[in-house]
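J.: Sequence:
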Amino acid sequence: MTRTTQPKSLVAALDKGVRDAGEDLSERDVPTIAAARAYASQVDAVLGDPDATPGERVKALHVLPHFVNACRMLGFNPMGREEIAKVRANAAEVRSRTAPPPSPVAKGSAKLRAVTQSRGQSA
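In terms of this note's numbering, the numbers along the sequence shown are unbroken and rise by one, the last being 123.
Since the hints were made in silico from the structure, they are not lab data. These numbers come from a predicted model, not from an experiment. Just so you know, not all the hints are guaranteed correct.
Straight-line Cα separation of at most 20 Å, EDC-like style, residue types lysine to aspartate or glutamate; simulated pairs [claimed, not checked]:
1) 8 / 51
2) 8 / 44
3) 8 / 23
4) 59 / 82
5) 8 / 24
6) 86 / 51
7) 16 / 27
8) 8 / 20
9) 86 / 44
10) 86 / 23
11) 8 / 49
12) 16 / 44
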């Protein structure tokens, strides 16, 4: 693993993850990113407040599992990347097993083209 500079906040870390993910994310991920950003903002606000009470700090830390889960769903941690890779592999396997057979019309057209071209005719 390459050493990187630590972001100053969870929101900054999330934003970096979104930038680094690039094309791995799509418009369908926007709600999950928004939820993760809301969790990160809550934690950042409390942990960055020197006047926050110990109880407020504990409550903020209870949001962290939700933040981590959103990051996992986006593939921002090893477990998430592993789960996404498994889903993609399973989807590819299912597609290969359930792909429709070639159309008989398409097969016939290819044969017709081959025959007519061998006779010097255009199809």
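J.: Work down the list of hints and note, for each, if the structure agrees.
T.: Results of checking the hints against the structure:
1. 8 / 51: The hint holds at about 19 Å.
2. 8 / 44: Holds, at about 9 Å.
3. 8 / 23: Judged against 20 Å, a Cα distance of about 25 Å means the pair is violated.
4. 59 / 82: 30 Å, violated
5. 8 / 24: Answer violated: residue 8 to residue 24 is near 24 Å, above 20 Å.
6. 86 / 51: 45 Å, violated
7. 16 / 27: 17 Å, holds
8. 8 / 20: Distance ~17 Å between residue 8 and residue 20 Cα, so the pair holds.
9. 86 / 44: 33 Å, violated
10. 86 / 23: 18 Å, holds
11. 8 / 49: Holds. Residue 8 to residue 49 sits at ~14 Å (cutoff 20 Å).
12. 16 / 44: Holds, at about 15 Å.
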